[in-house]
Structure formats: C-alpha cells, structure tokens
Amino acid sequence: MPLLYRIESAPRERIAFELDGRACTALEGDTVLTAILTQASALRRAEFSGAPRAGLCLMGACQDCWVQLADGERLRACTTFVEPGMRVRTGAGG
Amino acid sequence: MIVGAGPAGMRAAEQLVAAGQRPVVVDEGARHGGQIYRQPPVVMRRERRDLYGFEAGRASAVLDRFDDLRSQIDYRARTLVWQIEANTLQLLHAGRNHGMHFDALILATGATDRVLPFPGWTLPGVYTLGAAQVALKFQGCLIGPRVVFAGTGPLLYLVAWQYASHGGQVAAVLDTASASAKWLAAPRLLARPAVAMKGAYFVARLRMMGVPLHGGVTLIRAEGADRVTALAWRSGGTSHTTECDAIGFGHGLRSETQLADMARCAFDYDPIDQAWLPTQDSAGRTSVPGVYLAGDGAGILGADAAELSGARAALAALEDLGIAPAEPQGAKRIERALHAHATFRRGLETAFAPPERWAADAPDELIVCRCEEITAGELRACARETGAREMNRLKALTRIGMGRCQGRMCAPAASRLLAHAAGCELHEVGRLRGQAPIKPIPIVMLHDRAPSTIVPEDQDD
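Residue numbers (our numbering), protein chains in the order written: chain Z, 1 to 94; chain G, 1 to 461.
Because the hints were derived from the structure by calculation, they are not lab data.
Heads up, some of the hints might be wrong.
Stated by the list, open to error - To give a feel for the contact side, a few chain G residues facing chain Z, derived at Cβ under 7 angstroms: (1) E28; (2) V43; (3) R45; (4) C141; (5) L142; (6) E223; (7) D226.
Said to hold, decoys possible - To spell it out: a stretch of chain Z is covered by chain G in this simulated footprint if at least three of its residues, at any positions, have a beta carbon under 8 angstroms from a beta carbon of chain G; those stretches are: (8) 2-16; (9) 56-64; (10) 81-91.
Nothing here was measured: the structure is a model prediction, and the numbers come from that model.
Backbone N, C-alpha and C fix where the C-beta goes; we use that ideal spot for every residue, glycine too.
Isolated chain Z (complex conformation):
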C-alpha cells in the first residue's frame, strides 16, 4: 500500500525502475522517495530495531530516508531524483 498520494495529473515522462526486484514506473521529476512511497509504505529498516522507516523532514535535514541500491550505493531519497534503471532495495538499512 502506498504512503504518498499523488494529486498532480500533468503529463510527465514515465521512468522505469526496479523496487525490491519488481519492475515499477515513476514519473520524471520524482525523487527516489516519491518513486518508492507512491507504491510502498517504507524506504528502509532502522539499523537497531529493524522497524520500517519512511523519512521525516523531506528537506535533507533528518537523514532518515537514506536507501540502498542493489549495487550497495546509498543515497538520500528525498533529495535525489529517480533515474531510469535504478534498482532500489527497501529491506536493508539505509
């Protein structure tokens, strides 16, 4: 179940990416956070408790939204735009 709810309907290019091994589409101009949370309800697991997390401030301050890509690269989801072919893993610590 998605967390974020789109209200914008202006036509935009679709961007294909991979979310936990599943083929998904986002829209051009989406951050990685938007791309994930318009189709899932968490970005990562907290390192200690393993509880799901989905960010807090959305402005690059709280650092709660770091996610991992399949190649091990980490990125801050609220300030990074989604790119075609990105392979995101939400089961890991960010």
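Starting from the known structure of chain Z, arrange chain G on it as the hints suggest.
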C-alpha cells in the same frame, strides 16, 4: 559567498550584484527558492498561484529577480557545504569535493521544524509539517489522503488549509497550545496585521470546511504496526483517537546553525527561540570578521524578514569590504522594517508556545533520537546515574545527537528532557557542538583540482 538560496540568500545576492560583485551562491536545493518558496522540478510545470497561495506574488518577485540576475551570479545548486575552515568552504557536488576560498561569507541556512516527539513518531506516515508542505509543493503529493495535523505554530494552520484546499481530507487540527482564535487575540501579532488576518482566515476556512480544530491538546501516541493508522490525544481530561493515514506535526521552527559553528561564531541562548543561536549585530555581523548571518538560520523571523536580513547582511559585507552599495540609505530602511518583524515574532511565540509540560509528560519508552533509537528513559537514567548536566556530556554517554542527523531532529527534545531531569533551566544544559562533516558525505570523494578551483595553493590541502 552566500550559503542558501532561500529568500535571505536570494536578496543578499541581489544586493551584491547591484554593487558590481559576482557572488557565489551555494545551495543544497535543486532550484533556488529555499524551503518556503521551494520550486518543483521544471517538468511539473505548476502555477505559482497554486504552489504558493497568498504568497505567490512575493514568491514570484524574489524568484524572478534571482532568475534575471543569474548571469551575474555563480549559482551552484545541489551542492553541500560540509565544512568551513581557514576562510575556505568545503563543497560537495555530484560526488566531487571542491574547496573554495571566501572574502566574505553570508550564511542563509534556513530552518527546519522544531520537533517535540510522541511515541510512534518513527512510524511511516508521520512527517513534519514542513515535510507535508514539501511533498505538496515539490512533488505534487499529499503525505496521505486523510491527515491529522498536530503540534503548534503558524505552519500548523497554513499546511492544514493547503491540504484541505488541494483535495486532502484533514481529519483534525490538534494544537498543543491554546485555542485557534488566538490569531487576532495576541496584541503583538497586530504588528503585522495582514499576516495575522491570513492566519485567522485559514482557521475560519478550516472551520467552514468542517475540519475539527482543537486547542490545548496533549499528543499521546501514533498508532499502527507498519504505518500510522491513528493518533491518540487528550484534551481537557478526555482521551480521543483520530483515525488517519498520515500525521504532519511540528512545534515551530529551529534554525540550522551548524555552519556558523564550523565558522567558529560565538553563540548565545535566545529566550524567544528557546535555542542557542550565533550572535549577531543589527546588520547580521557575527563574532567572526567576514562572516554574516541572514534569514531563519540566524533566528526565526519568517520569509519576509529573511528577504530584509539577507539584503542587510550583504550591505554590511560590502561596507566591511569597502565597496559602495547601490543604495546608500538602504541599510537604515531595512533595519526599521525588521523591527516590526521582531515584535510579531514575540507575539507568535506567545500564541504558539511549545508545550511546557512536554518533558514531564514524555513516557520513558519514547524514542527521542530516531537515528540511534535512544529513549527518554535512557536519557533520564543517564542524568540520574551519572549526574550529566550538559548536552555534550549526555551525547558522549548515550550517543544522543551522534547519529546521522547530528541532533537536528532530537536536540530540542533531548535538551528539554535533560533540563527537566537535572532540575535546571533549558539554557543551562548548553547545546550540542556541531561537527564536520555537518551532513553525511561519502567516504570516497573525488577531489576536484580543476582550473575553476579558486583556492590558493597553500590552503588547498
């Protein structure tokens, strides 16, 4: 050099350009505007009226002005300043590091929500009020179809109204301060009558839309297993539960002061903001020659005041560098205008005071630091068992503020808990010292020694 391209940074740049300078503006954002006038990606092609509401005129004026001057400004978007040392900023852009020397530095670093958390605030779906706005303005999304807005501050009613008028269902607005009619009740708010009227308008519109508004609320907990499903709260001795898909909350704003710390500016406790802030004179000069402050990063006064203090700081920098400003009488005019903002701000803090009993009421199991998952109980036990009375001591012993956000989100809460546990005043527990890098940076960075680097050889190490 200017750090930050919000209203303060943009107006500072304008003054420097008017005096014949070519300022460097470094900004973490993808486009200029800061948080308050945050612009969506170009591909979204959204109307400013829709984005900024009543503030569309103001937003357009300052955004367009910056656009017009772009050829005379070295604007570096998506660039993080992570350290300041020896009059050199360390800049990180697209994985490449770059040192840049400055003659004068204007810090216009802005603010984030001041957060006094409640149990369950780490659940997916719980966001700050600022985040709720960013989702809407920058990404065309609501944080959920049915939202509770909670906490206090002028942003509470503004964001609730923005969501309600963009098709969101606002399940409730829960103010931890007193009744929502306060917009016109506090005399100091009339120092800026138009702003007070707007606040009253949002409240009236929300009422007309049938949104439940409650004051004097205590937030108990966000409920849900893997995501938020409800908010439990109390008012006047009665407990309530409001079902929702998301919660937006905050208790006013908190200045981003880490770079002033890196620049070694002196700090002092500010009783209005209830926070330690870099000291400044009426023109934005810090204790460090050549370093200036502007906008909400220097103390919370809001976007309109930020435009003024940005221009004022730039004029001070020009004066100190011996460069004539374009408008010789500008500084006096600006300082007069800023006075009304300071009065208004004192009124806001009275009307939207953060909950006084927050530290006393916080349960032991509350996670205060969401990075390291440190609870209120652990902080209290540390104060009790070790006698810790100072924030950096508490940090060393518990790791509070040592996580990836470096205390940005937990410091207001942790310092209140420590002061309460130690039986002292908030200012007596001090403040967390900033540490470089002020935000996470990759362990491997490419060091840029391209010809565009203007760092003198002897400082580039």
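Structure versus earlier hints - violations, ascending order: Failing hints, ascending: 6 and 10.
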